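Enquirer: Protein chains in written order, with the working numbering: chain A, 1 to 376; chain B, 1 to 376.
Check before you lean on any hint, since a few could be wrong.
One copy or two, it doesn't matter: identical chains are merged, so the pair holds either way.
Said to hold, decoys possible - With a straight-line cut-off of 20 Å between C-alpha atoms, the simulated SDA-like cross-links for lysine to any residue are: (1) LYS223 with GLN324; (2) LYS153 with GLY125; (3) LYS210 with ARG101; (4) LYS152 with SER341; (5) LYS94 with CYS209; (6) LYS315 with SER32; (7) LYS3 with LYS210; (8) LYS284 with GLU146; (9) LYS149 with ASP217; (10) LYS153 with ARG25; (11) LYS330 with ARG31; (12) LYS153 with ARG203; (13) LYS210 with ARG98; (14) LYS87 with ASN29; (15) LYS3 with LEU21; (16) LYS3 with THR33; (17) LYS3 with GLN26; (18) LYS284 with ASP217; (19) LYS223 with ARG310; (20) LYS94 with ASP306; (21) LYS330 with THR33; (22) LYS314 with PRO14; (23) LYS268 with MET230; (24) LYS315 with ARG262; (25) LYS210 with TYR291; (26) LYS153 with ALA40; (27) LYS364 with GLU275.
I should point out that these hints are in silico values taken from the structure, not numbers from a laboratory.
All values reported here derive from a predicted model rather than from experimental measurement.
Protein chains: 2
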Amino acid sequence: MEKELLLMLPGPVPMPEQVRLAMSRQAINHRSTEFGAVYADCVRVLKTAFGTTNDLFVISGSGTAGMEAAVANFGRDKEIACIVNGKFGERLFKISQRYGRAHEIGSPWGTPVDLEALEGRLEQGAEIVTLVHNETSAGIKNPAEEIGKLAKKHDALFLMDAITSVGGDVVEADAWGADVVITGSQKCLAAPAGLAAVSVSNRAWERLCKNPPYYLDLAAYRKSASGKPMETPYTPAVPLFLALREACLILEEEGLAARIARHQKLAKATRAAAEAWGVSLFPKIDAKHEYSTTVTAFAYPDGIKDDVMRAIVKKLGILIAGGQDQLKGKIFRIGSMGAVSPPEILSTLAATQYALNKLGHKMKGDGVGAACEVLG
Amino acid sequence: MEKELLLMLPGPVPMPEQVRLAMSRQAINHRSTEFGAVYADCVRVLKTAFGTTNDLFVISGSGTAGMEAAVANFGRDKEIACIVNGKFGERLFKISQRYGRAHEIGSPWGTPVDLEALEGRLEQGAEIVTLVHNETSAGIKNPAEEIGKLAKKHDALFLMDAITSVGGDVVEADAWGADVVITGSQKCLAAPAGLAAVSVSNRAWERLCKNPPYYLDLAAYRKSASGKPMETPYTPAVPLFLALREACLILEEEGLAARIARHQKLAKATRAAAEAWGVSLFPKIDAKHEYSTTVTAFAYPDGIKDDVMRAIVKKLGILIAGGQDQLKGKIFRIGSMGAVSPPEILSTLAATQYALNKLGHKMKGDGVGAACEVLG
Chain A
1 MEKELLLMLP GPVPMPEQVR LAMSRQAINH RSTEFGAVYA DCVRVLKTAF
51 GTTNDLFVIS GSGTAGMEAA VANFGRDKEI ACIVNGKFGE RLFKISQRYG
101 RAHEIGSPWG TPVDLEALEG RLEQGAEIVT LVHNETSAGI KNPAEEIGKL
151 AKKHDALFLM DAITSVGGDV VEADAWGADV VITGSQKCLA APAGLAAVSV
201 SNRAWERLCK NPPYYLDLAA YRKSASGKPM ETPYTPAVPL FLALREACLI
251 LEEEGLAARI ARHQKLAKAT RAAAEAWGVS LFPKIDAKHE YSTTVTAFAY
301 PDGIKDDVMR AIVKKLGILI AGGQDQLKGK IFRIGSMGAV SPPEILSTLA
351 ATQYALNKLG HKMKGDGVGA ACEVLG
Chain B
1 MEKELLLMLP GPVPMPEQVR LAMSRQAINH RSTEFGAVYA DCVRVLKTAF
51 GTTNDLFVIS GSGTAGMEAA VANFGRDKEI ACIVNGKFGE RLFKISQRYG
101 RAHEIGSPWG TPVDLEALEG RLEQGAEIVT LVHNETSAGI KNPAEEIGKL
151 AKKHDALFLM DAITSVGGDV VEADAWGADV VITGSQKCLA APAGLAAVSV
201 SNRAWERLCK NPPYYLDLAA YRKSASGKPM ETPYTPAVPL FLALREACLI
251 LEEEGLAARI ARHQKLAKAT RAAAEAWGVS LFPKIDAKHE YSTTVTAFAY
301 PDGIKDDVMR AIVKKLGILI AGGQDQLKGK IFRIGSMGAV SPPEILSTLA
351 ATQYALNKLG HKMKGDGVGA ACEVLG
């Protein structure tokens, strides 16, 4: 029997059966009360996971479409301060360059945000701040609350990519002053890839830019969502909405707090394994930054080759992630997001431990046992 | 037992079981040879259906995203002649207004394209022509080949929306000189909504505009598609690709010519019913225009109310379409696209005939019988 690889990536992640089967349904009319109710269910649950009472829309497109919707509707011709300490921060910077005057607030990938440089840029008149809350490329969680305060102090809009934290970690869009927040379906929500959700504060609506891209025009989403039935402006990816609704109902049933606690415990177990192995975590954190709750990034010990190690793990049926772009070959990453539970993490750590051993890494101790201690 | 409504709309349309079930599969890695092969299968079959050997990409987004990709990558700051004789022509005009200097070449919805006005605009220097090949909002098929010749004569790029003709009617992108052609997944291909495909000629690549929207940047699609494995630049809607692949394999098995002949026969049967009923078809065609092969638009006989008639049909388990925007209440439309076969058309015509009768329309004859004559 051939089985699918267990995806222990920072997304896409395995989907619960109920989510997958929802997609096999026959086509339904997307201009109907039935579809409107599906959309409304998604929005209700996502608002909880975002920590917001703001408007929230679902776009048929990947997380990148959501990132662009945020920048294009609020950043055109503006001064934009883009925080970059990983690949996705860089992507927001690249998108911002297409719409406004983008300024990179950079620090090496996986190291703390340069808050001083950010404040300097705000003092020079930045009108928008972009941040990736949970930078999966480097396994670091950025201080969204503090950055939200800085943005507010200088009357800038705060656009936050929470693609890999919503539904798996604490996100408090309203409390943090995050005006526009984005998530993706295939990460902590454990739904299929292909949908992005975007929330918009009243403060942001007041500063809406003219002439956004047509497909990502958030005012059109607002207009269609306010009708009865609730609709999307263009034909939505109906099967993905049906799946997302099931994923949202699962989240609601588990409870957001319990879901976040589960993610935290799984990440803690993963870090315990790293410590036992004597393998360094990649991010350099400080008092204001944390290790990611939804993905753990490990620095490769000297002499261990990325493709060789991940091939050994893959042969055991498990896909873990390498590094992207400049981090290729330097790090490996294990996701702990979505519907993941102790068995998946334990098998992944077991396979990784076996591979590290086989490739000659001198283990300090038993990482799998250390993870069991945390999870037990 | 509750059964889904039979969707006899100009999309979305019912999907074959094999297409639906493909989506219930567990998540797979989209940066893998396996996903690359799925994408390649889609591209191979779609090129046949487009009648092109040009590059072709699949975008995770609705048909509208494909329309915008065409305009945004090739029309920025250009003089754009937009042919409008229905709602989707109007949409291309609205999108074009966001990117270039758009000029409407308008005629009343459902009436022939004003070819003289088009030629005049080309003489005044239009660099781009946009056309909806099959205008479902009005049930008219526009003379793409002739328009392609005019565009070529004046050295303009020809952008053609073939969203509701590819896979159900003759489309010959290369022979007609259509430089950029767009289709959608949920129409004649009978796949789920949420994907758009776009083909690009060499002539168009040579005139690629700078600074397209990030998510719809076709050069990024080209770069990712040229790698091994073939990829998309951003995370694709994997379940929709799996479904589209099945839909493409079904098309390949049926054979494109046979599939088009089936669509033509179903549309002919539908028109035969209209004639038997003494109900006028809505479009005003001439020697250069045709009735649509994939949707038939009927003018409501005097005194028959749209919501009342379609409610009677719906009570019999079948959803047919009304008119959109300015045609609301004036027309009704029956789709004959995708996996539709005689039983679906006959039940739809039977229910429509019953409703027309019930609402007092004086029938000339038996439309269902007339349709059987064509189909038998």
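Enquirer: Please go over all the hints and tell whether each is borne out by the structure.
Expert: Going through the hints against the structure:
1. LYS223 with GLN324: between (38 Å within a copy, 17 Å between copies)
2. LYS153 with GLY125: For LYS153 and GLY125, the Cα distance is within 20 Å only inside one copy (12 Å; across copies 51 Å).
3. LYS210 with ARG101: both (16 Å within a copy, 16 Å between copies)
4. LYS152 with SER341: Result: close neither inside a copy nor across copies, 38 Å intra and 60 Å inter.
5. LYS94 with CYS209: both (19 Å within a copy, 17 Å between copies)
6. LYS315 with SER32: between (47 Å within a copy, 15 Å between copies)
7. LYS3 with LYS210: Close neither inside one copy (50 Å) nor across copies (45 Å); limit 20 Å.
8. LYS284 with GLU146: Result: close within a single copy only, 18 Å intra versus 63 Å inter.
9. LYS149 with ASP217: neither (28 Å within a copy, 34 Å between copies)
10. LYS153 with ARG25: neither (49 Å within a copy, 48 Å between copies)
11. LYS330 with ARG31: Only across copies: LYS330 and ARG31 sit 19 Å apart there, 49 Å inside one copy, limit 20 Å.
12. LYS153 with ARG203: Result: close within a single copy only, 14 Å intra versus 51 Å inter.
13. LYS210 with ARG98: Answer is both; intra-copy 15 Å and inter-copy 10 Å each pass.
14. LYS87 with ASN29: between (38 Å within a copy, 19 Å between copies)
15. LYS3 with LEU21: The answer is both: 17 Å in one copy and 17 Å across copies each meet 20 Å.
16. LYS3 with THR33: Classified as between: cross-chain Cα gap 16 Å, same-chain 38 Å, threshold 20 Å.
17. LYS3 with GLN26: Between copies only: 10 Å across, 26 Å inside.
18. LYS284 with ASP217: neither (38 Å within a copy, 34 Å between copies)
19. LYS223 with ARG310: So LYS223 and ARG310 fail the 20 Å test inside a copy (47 Å) and across (26 Å) alike.
20. LYS94 with ASP306: neither (28 Å within a copy, 49 Å between copies)
21. LYS330 with THR33: neither (51 Å within a copy, 23 Å between copies)
22. LYS314 with PRO14: This pair counts as within: shortest intra-copy Cα distance 16 Å, inter-copy 38 Å.
23. LYS268 with MET230: Neither way: LYS268 and MET230 sit 41 Å apart in one copy and 36 Å across, limit 20 Å.
24. LYS315 with ARG262: neither (28 Å within a copy, 47 Å between copies)
25. LYS210 with TYR291: This pair counts as neither: shortest intra-copy Cα distance 38 Å, inter-copy 39 Å.
26. LYS153 with ALA40: neither (34 Å within a copy, 51 Å between copies)
27. LYS364 with GLU275: Intra 8 Å, inter 85 Å, cutoff 20 Å: intra-copy only.
Comparing the model with each earlier hint shows violations of hints 4, 7, 9, 10, 18, 19, 20, 21, 23, 24, 25 and 26; every other hint is respected.
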